[in-house]
Structure formats: C-alpha cells, structure tokens
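**Student:** These protein sequence lines map, in sequence, to chains A and B.
The first sequence finishes on residue 755 if you use the numbering used here, and the numbering steps up by one all the way, no holes.
The second sequence finishes on residue 755 if you use the numbering used here, and the numbering steps up by one all the way, no holes.
The set of hints was computed from the structure by calculation and includes no laboratory data.
Careful, some of the hints might be misleading.
Identical chains blur together in the list; that is why a pair holds if it fits in one copy or across any two.
As the list claims (entries may be wrong) - In silico EDC-like links for lysine to aspartate or glutamate, alpha-carbon gap of 20 Å or less: (1) LYS613 - GLU215; (2) LYS616 - ASP705; (3) LYS592 - ASP243; (4) LYS731 - GLU359; (5) LYS747 - ASP583.
In this text, all values refer to a predicted model and were calculated from it rather than measured experimentally.
If you want the building blocks of each chain, they are given just below.
Number of protein chains: 2
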Amino acid sequence: MESRTPGPYETGLDRTAANYVPLTPITFLERSAAIYPDQLAVIHGSIRRNWAETLRRCRQLASALVAAGIGRGDTVSVVAANTPELFEAHFGVPMSGAVLNAINTRLDAASIQFILEHADARILFTDREFSKVVRQAVAAMATPPRVIDIDDPEFEGGELLGDMDYEAFLAGGDPDYVWQPPGDEWQAIALNYTSGTTGNPKGVVYHHRGAYLNAVSNALSWEMGSNPTYLWTLPMFHCNGWCFPWTMAAVAGASVCLRHVRLEPIAAAIRDEKVTHFCGAPIVLNMICNAPAGLMDGITHTVKAMTAGAAPPAAIIETMERRGFQVTHVYGLTETYGPAVQCVWRTRWNDLPIEEKARLKARQGVRGPMLEGVMVADPLSLEPVPKDGRTMGEIFMRGNNVMKGYLKNPKATAECFAGGWFHTGDLAVWHEDGYVEIKDRSKDIIISGGENISSLEVEDTLYRHPAVLEAAVVARPDPKWGETPCAFITLKPGAKITRDELTAYCRDHMAHFKVPRSIIFGPLPKTSTGKIQKFELRRQAKDLDDGRDL
Amino acid sequence: MESRTPGPYETGLDRTAANYVPLTPITFLERSAAIYPDQLAVIHGSIRRNWAETLRRCRQLASALVAAGIGRGDTVSVVAANTPELFEAHFGVPMSGAVLNAINTRLDAASIQFILEHADARILFTDREFSKVVRQAVAAMATPPRVIDIDDPEFEGGELLGDMDYEAFLAGGDPDYVWQPPGDEWQAIALNYTSGTTGNPKGVVYHHRGAYLNAVSNALSWEMGSNPTYLWTLPMFHCNGWCFPWTMAAVAGASVCLRHVRLEPIAAAIRDEKVTHFCGAPIVLNMICNAPAGLMDGITHTVKAMTAGAAPPAAIIETMERRGFQVTHVYGLTETYGPAVQCVWRTRWNDLPIEEKARLKARQGVRGPMLEGVMVADPLSLEPVPKDGRTMGEIFMRGNNVMKGYLKNPKATAECFAGGWFHTGDLAVWHEDGYVEIKDRSKDIIISGGENISSLEVEDTLYRHPAVLEAAVVARPDPKWGETPCAFITLKPGAKITRDELTAYCRDHMAHFKVPRSIIFGPLPKTSTGKIQKFELRRQAKDLDDGRDL
Numbered sequence: 206m207e208s209r210t211p212g213p214y215e216t217g218l219d220r221t222a223a224n225y226v227p228l229t230p231i232t233f234l235e236r237s238a239a240i241y242p243d244q245l246a247v248i249h250g251s252i253r254r255n256w257a258e259t260l261r262r263c264r265q266l267a268s269a270l271v272a273a274g275i276g277r278g279d280t281v282s283v284v285a286a287n288t289p290e291l292f293e294a295h296f297g298v299p300m301s302g303a304v305l306n307a308i309n310t311r312l313d314a315a316s317i318q319f320i321l322e323h324a325d326a327r328i329l330f331t332d333r334e335f336s337k338v339v340r341q342a343v344a345a346m347a348t349p350p351r352v353i354d355i356d357d358p359e360f361e362g363g364e365l366l367g368d369m370d371y372e373a374f375l376a377g378g379d380p381d382y383v384w385q386p387p388g389d390e391w392q393a394i395a396l397n398y399t400s401g402t403t404g405n406p407k408g409v410v411y412h413h414r415g416a417y418l419n420a421v422s423n424a425l426s427w428e429m430g431s432n433p434t435y436l437w438t439l440p441m442f443h444c445n446g447w448c449f450p451w452t453m454a455a456v457a458g459a460s461v462c463l464r465h466v467r468l469e470p471i472a473a474a475i476r477d478e479k480v481t482h483f484c485g486a487p488i489v490l491n492m493i494c495n496a497p498a499g500l501m502d503g504i505t506h507t508v509k510a511m512t513a514g515a516a517p518p519a520a521i522i523e524t525m526e527r528r529g530f531q532v533t534h535v536y537g538l539t540e541t542y543g544p545a546v547q548c549v550w551r552t553r554w555n556d557l558p559i560e561e562k563a564r565l566k567a568r569q570g571v572r573g574p575m576l577e578g579v580m581v582a583d584p585l586s587l588e589p590v591p592k593d594g595r596t597m598g599e600i601f602m603r604g605n606n607v608m609k610g611y612l613k614n615p616k617a618t619a620e621c622f623a624g625g626w627f628h629t630g631d632l633a634v635w636h637e638d639g640y641v642e643i644k645d646r647s648k649d650i651i652i653s654g655g656e657n658i659s660s661l662e663v664e665d666t667l668y669r670h671p672a673v674l675e676a677a678v679v680a681r682p683d684p685k686w687g688e689t690p691c692a693f694i695t696l697k698p699g700a701k702i703t704r705d706e707l708t709a710y711c712r713d714h715m716a717h718f719k720v721p722r723s724i725i726f727g728p729l730p731k732t733s734t735g736k737i738q739k740f741e742l743r744r745q746a747k748d749l750d751d752g753r754d755l
Numbered sequence: 206m207e208s209r210t211p212g213p214y215e216t217g218l219d220r221t222a223a224n225y226v227p228l229t230p231i232t233f234l235e236r237s238a239a240i241y242p243d244q245l246a247v248i249h250g251s252i253r254r255n256w257a258e259t260l261r262r263c264r265q266l267a268s269a270l271v272a273a274g275i276g277r278g279d280t281v282s283v284v285a286a287n288t289p290e291l292f293e294a295h296f297g298v299p300m301s302g303a304v305l306n307a308i309n310t311r312l313d314a315a316s317i318q319f320i321l322e323h324a325d326a327r328i329l330f331t332d333r334e335f336s337k338v339v340r341q342a343v344a345a346m347a348t349p350p351r352v353i354d355i356d357d358p359e360f361e362g363g364e365l366l367g368d369m370d371y372e373a374f375l376a377g378g379d380p381d382y383v384w385q386p387p388g389d390e391w392q393a394i395a396l397n398y399t400s401g402t403t404g405n406p407k408g409v410v411y412h413h414r415g416a417y418l419n420a421v422s423n424a425l426s427w428e429m430g431s432n433p434t435y436l437w438t439l440p441m442f443h444c445n446g447w448c449f450p451w452t453m454a455a456v457a458g459a460s461v462c463l464r465h466v467r468l469e470p471i472a473a474a475i476r477d478e479k480v481t482h483f484c485g486a487p488i489v490l491n492m493i494c495n496a497p498a499g500l501m502d503g504i505t506h507t508v509k510a511m512t513a514g515a516a517p518p519a520a521i522i523e524t525m526e527r528r529g530f531q532v533t534h535v536y537g538l539t540e541t542y543g544p545a546v547q548c549v550w551r552t553r554w555n556d557l558p559i560e561e562k563a564r565l566k567a568r569q570g571v572r573g574p575m576l577e578g579v580m581v582a583d584p585l586s587l588e589p590v591p592k593d594g595r596t597m598g599e600i601f602m603r604g605n606n607v608m609k610g611y612l613k614n615p616k617a618t619a620e621c622f623a624g625g626w627f628h629t630g631d632l633a634v635w636h637e638d639g640y641v642e643i644k645d646r647s648k649d650i651i652i653s654g655g656e657n658i659s660s661l662e663v664e665d666t667l668y669r670h671p672a673v674l675e676a677a678v679v680a681r682p683d684p685k686w687g688e689t690p691c692a693f694i695t696l697k698p699g700a701k702i703t704r705d706e707l708t709a710y711c712r713d714h715m716a717h718f719k720v721p722r723s724i725i726f727g728p729l730p731k732t733s734t735g736k737i738q739k740f741e742l743r744r745q746a747k748d749l750d751d752g753r754d755l
C-alpha cells in the first residue's frame, strides 16, 4: 500500500536552518529575556534579578567555562543548595556545550567521590555548607576536578575549598558571549545519579530534546500560565528540580530560592512574594499542614502544590485544600526527567467525599502530555495486565521524556529499555479508568523525606559489619518522613552488638538519611528456597510499635 | 576545545523505541481519549461526540482510507465547512499515513482544479454546499480523485457528487484499527495552498513535528488550560485552523462546529455551550461589537478571542474588552502553521489609556514559545534593522514551526529559506521592546474578511480582458472587510467598458471574494523607470470617497 520510493513530499523538502532547530530548553531563556527583560527571574535573600540579567549571567558562565577549557562532552558538577548559582548552571553549563551534573547534597563523601569520578567531572562548583564531605571526596580522588566555591551570604559556616569563588569565575566571562546551540537535540544536557538497586549509583543522562519537552509538559499539565512565582522547596539536584528551572524560563516565572525546607521562610515566601507554585514530597505538605497557628496568616491567594514520591494521605490533602492549596499528585523517576505521569483531576470528582477524593488522588495517574505511553504489564512478557484495579504488574513508560540512558552502562541501559519500554521497577495495578496505582516497588526503594534509599545499598553496608550474619532492609511507614529504612538483622553465632553501636557504624559508612531508624534483631522469615520474605518483613515493619525501634 | 570523537555521552546511548518517539499531534488524540473518554470533543447541531467516540471514528477513517488504497505520501483533499468530518480528517488522514489537503471553500473551480491536480489528490471529501464549483473542478480533470460526499444535515441544498457519503465510507473502516505512527517526525501531515505572489497557488507542506509543536504553542501561549470550549469561527482550511484541531486534542477541549460565521449562532454557542475561546479575523470581532442589543445577553463568562490578518482597531478592542472578551493579536503565515508570533500582553500596560493599549496591541509582537527566532532585517543582506520603531525591513522567522517547504517547487522553497531564515515578504519596523509591527506587505497581499487575495492574480485576470491596457490592484481599507481589492485601470485606445461589465467579467474568472469592489479608470502613476507607483495608488484608494467606486 505504501509508496516506498521517495514521493513529492520527500523531495526537495529537506531540513534547513530556517525550518529545523534542535530542541533545547535554553531557547526559553533567550525568549524570556527578550520579551520580559524586566520581569523577575530569581529571588534569593536580597538578590532580585530579572530575565535580562539572568541571561547575561548565564552567557557569562558559559563563556567562563569555555575559557576554562570546558566544551562539548565535558561534565560540570555542582554540590549546592537551591541557590541562584545552581539555577544559572542549568543554562550556563549546557550553553558551553557541557553537561550539568547536580549532585545530591545529602550524600556521603564516598558517594560524591564515586560520582565525580564516574562522571569525569572537570569542574566542581560547591557551596560552603557541604565543604566537609566535598573536601573528603575531592581529596580522595586521583584526578580531582577544579573546584570553584559558591560563597552564598545566606549561609554561615563551612569552608571555601576552591581557587576562586563563583562570582570571580563569572567575572572572567563575557556577558554577550555568543553561545552555540546543540548541534543535535539528542546531545546530553544533564547527568543525574540515582541509587537504583546496586550499591553504586547509576548516571542518568538527559538530552536537550527531553529537557525541552518535559519543561513544556510541566507548564502545560500544571496550567502554570505566564509569569508564575515558583518556590524552590524541591531540590534542584532532584532530576534537575523535575526540569522546573527550564519550565520557569518557558513561562517567564520567578524562582524564589530556598536553602532549607523550613516552615518560616516557606510561609514568608508564599505570603510576601505571592508564590503561586511549589513542588515537594508529601513531607513538605505535611509541614505546612502542621504549621503553628498564625504562621500562615495573610496568605489569601491560591497556591498550587505538586507532590510525588508517595501518595499524599487524605488528611493532608483535606487540610491543604481547606487552606487554599491545590494539590497535584505526579509520578516519575530520575529516568523520566521527574514527573511524567500525573493524577489528572476530573471535575466530576469535585463533589465526592474527601476520603474518596484522597483515594482517587493517591493514584499515580495517567501519562502527562509529552509522555507517549504508560502501561502496567507483565515484567517479562510486557503483556498489559487487565484494567481491573487488582492485577499486579510493572509500570512501563515510553516517550521522549525517557532518559537517553545510563552513562557508561550499556548493559543496564539495554535491560531497562528491553522490549521498547522503560522498565520502572515499580509494581502497580491498572484501574478501569486507565489510572495506574503503585502497590509495591520491585526495586526495594525506600522513599524517606522525598529521598530515594536503596534497601540493597543499606543491606550491603550492614553485611559488611563483622557481627552481621544476615540483613534485610525494608520501608517502614512513617508519619513524618513517609517511609524510613527498617533493618532486620540476624547476628553471627556468638556475636554481640547493640542497636546504638550498629547505628553508629551505619552513620560512619553511609549518608545519614539512609541509616535505618529501626533495627530488629532475630531470625529472618524465608521461603522454601531460602529467599528472604521481604513481604512478611514489610508487614512486620508496618506493625511495629514504637517501643521496639530506636 | 570540543572533543570531536564521540565521548561517553555519545556512546551506547542511542535512540530506542522506549526513549524516542517521532513527534505527532495524533498522540494527543489518543491521550485525550484515554484520560477524558467521556468529555465532549465535537459539537455540531444535534451531534455531541466525546473523545472516545472521536478516536474510534478517526481510526475508522484511517482504516477505510487504507482499505481504499491510501497510504504514505498520498494526498486526501477536503472541501468542507467547519464540520466534524474536517475535524476528524485532521487525525484520520495522517493516521493512514496520508497528507490532509483542506481546500479553501471560497475558491473558484479553476483554482480547486489546479490544487487537486498539483496535489495529486487521490480522494476528495466534499460538502454539498460547494458542489457547484467542485463538480466543475473535478469534471475538468484528466485523472479526477475518487469523490466522497459530506452530507451534513445542517445544510440544505447543493448536490451529492460522489459514489458514497462520508458515513458510509467510515462504516467500511475498523474503529479498533491499529494505525501506524509516522516513522519520521519530518513526514508530511498536511498541505495548504497559499496564493502568494504568482497566479498559481503554492502548496505549503507541514510535517508532524511542526504540527505537534505549533499545537502546543497555541495551548501554552493562549493559556488555554484543560477542557476549554472552542468555537470554530476560523475556517479549518486556513493553515489547518491555525493547528487548533490538534491543540484541542492536546488540551482535551470541545470543538463547537460552525458552518457559517453568522452572529446568531455565534452568540448562541458562546451563551449555551459556554465557549471560552475562538479565533478569527478582525471582521468577526467587528460583527460581535456591532451585535444588535440583546443578542449577546446572558453571556457572563470571560471569552478569549485570538485575531490575526490585520491589526484590530482600537474601537473594536475597547468594545470587546468592555463586553468581557480578551483579545489576543497574533501573526503568522500559512508557511508558519498559522500563528507563530504573538503580541504578548504585559501586565504593566493594563492601566494605559485605551488608545495607547490599542496601539500596543496592534503590533504583531514577539516570537511564540515554539518559534526560535523572529527579526526585522534587510531583505537582501539579512542584516537586522535597528530597534527604533522607524527603520523598515522584512520580517524573517526561523524555527520548527516553519513549513517543510513548497510542494514540487524547490526553487520557491530555496528562495524563501535563503540565508537560513524564512522570508515572510512582510515589511515591518522593529520596536525598542522587540515587538515587530507590519507597515506594508511586499507581496501585495490584500486581506479581505480574513482571506488572502493576491493583487497580482487579480491583475493577471484584468490584463486578460481585451479592453484593458494596464491594471494595478491595491488594498482599500474597508470598515467591514478590513480591506477590499481596488483596481486602477487604463483602457486601450478606443476601447470602452463600464465598471459593471468589467466586474461581471471578473466574477466569471475568479472567486467572488477576489473581485475588485472599486474600479477607477485613468492613467496610472509611474516612476521614471516606468514602474507603477503602487504606494501612490494605495494612498488614492484610501482617500476614495464612496461616490467613485462601485
């Protein structure tokens, strides 16, 4: 039926510079600076910069990087809080042709070292707050990156580690620098490490095309309008802040920076800067719900909150909405540029009882506008499960906002893309109305305060302790953190160790947020084939009374 | 500085089915049908179809087309009013791999014949209303397309011309048909003929990528939100209704069809269907402004109106906004998928006097979110003019929503893309704030009631009359139509012809909307080199008193 030889529609109609431009989110920065030069882009302490200034600083950063020998294919790492420097790096680094690697600031020195080495970081921008671990990480490297300090007056303490600070580095760049757009929209723009199932984190590579599309997807699906004001409660190192630095450029919104997720500055920002949008794990919403009387006074406008990582409980949704917050539940992974699936709210649900609304809103949802497909299917055959709300399967996604792949890890890349779908590792049911709902996570990920913790990584560390015979770590539901790691330990015959000693050992060998908050000693339940029954341990962890844990 | 050999970011990170899907607006239809199956998609007379039904009908159309031998690279033409069939064709035709060619229903038989032949149309869907010219056009063809009738109960009159009607054709298709997405996002999706500067129209080819991006650009820049209700005052044959069939799928909005742009059904639709958005030439806004007392009663919600083709006069903007309509002025060409440039409204202009607001809003504006660049530059050197609001230059655009090119016309394609920018042919100034404003049209296009008329084409016809020595056609400002063609004629020595006779001749040889409404006999002003001074004629046309024209 199809004509296989090129017909008139394929002849003399090639790509030209006039009608084909590789997609990149940097274009949004240029557009906002051109149309809204005087509109606020970045707010941080006493700093208030507009889009014209922000473009000039990003060009300056790119120029300084190029002068420092950085170019296409190089990695520029950043260990920073949510400050203007990291926001600017989302544009300035790719404008130099390089790849931005924003590192989780809660990691321990060994993990940061691993990332800097694996990413082959050429330059590291680092904030004083994290100087202790960063100093350790860099000191241990055979070929350390050049270190440049972020010397933020909003933070006191820590040390300067580099040969100059960010502002001095910027001063060496040209604010009118003519940056080179990517020659190919498949070119890498960012590198984000995820814990995954093994001890070593995997480097998730984003490309310009995906960053562009997911930035637009955020704006479109959240109905952000033009010139919103966005509060940075979500770390920018989490999937590039779910691509929101680029989204803010697309909608010419103002970014209100925030070093620490604390209630007072959040309330002040919402009230004084008229924040319209923020993202965060349910723990952030929980914090707002439990705000002391009076703290949220004076906030009269509607604020949209986007949450992910765990289903927001009914009580939180109810309290948030009573206080004028509209909560949107989204779902995604580092591999999908952050939120790719959204619990799209149907107006016909508006009049349901709050418990029913919470039940509907707890579901992960349906594909966002730029995702091409989401399904719940058999993990091996990829056969979709029935949409019955009961049959378990794995969530699969495909589309242009699925990562380019894992850096220097073709095996893991091939495995997770097997069959033409991205394997999320999350187990879910598929409801009749097409909404997916996570029921378990096959990768044994514990999400605590919005951070992913690999239970296998924690187990690895525990197993390395001379007293430990067997270790199994599962998630324990927690009213504050969502989940916390709970360790079940069988000691070697004759070995003795207290919970406190084992906790101290863990704190010496892993990031503090990964340390098990509950430790139970005893034999582990196993299947007939010797496999530890994690399902049973999860049940036990859920039923623990507080007297039994630390 | 750059590493030229593929580094780790280019190794083992190739496109796969999981992370690369060619962009196509058809994906939005599938998404809306999946998420909002029960939400209204199409309203026409007594027809009210939801997104699930619409997807099934589009699949059915694609399936029936494939069964009829249609496939990739084939052209399917449509001569239709704004009815569900043409809406569905925007999806069903490309779902078969073919290219949609929606033809301007106001064209004469010869023009339609030319288009059908040039496009090599394999199937023609045609509405009874246009049977007279379509019959003539098809009858004159050596290899006519198969003709299928659109037998719309909302229209009385005309004849059925084909071997079956659209519903019977659809019935032969499979509503569960598994359509094939485009293998390449550069594949053609639509073909739209534009009058341009020569007598023969040029076929503007759109691709899936551009249609996808411009559909999103509409939703984003107009802040449409989810589930808007859109009234079809703009013909769907105009640049595929400025891509709004695809936009409506992206935002799961309802399309209220409208066969004729008449005040009563417009008022009724806005009131009864709670229309939130519509597009149209300023003449449509003018119609609403001049609505008789009482007709617009009962409309209490805000309606957004998008207009283009001519700057909306201050009085119209003022009246529209007083009546609760928000007017957005956009600019584009058939070659840019419709609106690509937008007069983005700045909130700081809100408190200006209405004349000042109208002056600002009359400007064509700045690049839309998906256009990569717009500039006013020297037509030959492409050197940008100063942003002084005075220096004239030509408007140039570049980006992914610039057409693929002109069908079977590599010369015109190469010319209009020379230097890596699309040459619009529109002359403009560039204001200090970056907004472009058209001051003249170098291509001699007259825009009458939103329709483009090539003055050269009208002149060609006039020149063919035996009594005519010289003819020059320019735009004459018109309070109702925006502009009308005004002809200046020098007769041959001794020749005699009246205005009525010449008008009758024109009506026999061109579409009625192109016929000059004013004819002035006399010598034509010329430069020393013999070139007709069109500038002087435009001045004369503007100053004409009504006694002198027909």
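**Student:** When no copy is specified for LYS613 and GLU215, does a C-alpha distance of 20 Å or less occur within a copy, between copies, both, or neither?
**Tutor:** Classified as between: cross-chain Cα gap 10 Å, same-chain 37 Å, threshold 20 Å.
**Student:** I want to check one pair: LYS747 and ASP583. Are their C-alpha atoms no more than 20 Å apart within a copy, between two copies, both, or neither?
**Tutor:** neither (27 Å within a copy, 72 Å between copies)
**Student:** Should LYS731 paired with GLU359 be assigned to within, between, both, or neither, using CA atoms and 20 Å as the limit?
**Tutor:** So LYS731 and GLU359 fail the 20 Å test inside a copy (52 Å) and across (71 Å) alike.
**Student:** For the identical chains here, do LYS592 and ASP243 meet the 20 Å Cα criterion within one copy, between copies, both, or neither?
**Tutor:** between (50 Å within a copy, 17 Å between copies)
**Student:** At most 20 Å between C-alpha atoms: does LYS616 with ASP705 qualify within a copy, between copies, both, or neither?
**Tutor:** neither (40 Å within a copy, 80 Å between copies)
In this structure, the earlier hints numbered 2, 4, 5 are contradicted, and the remaining ones agree with it.
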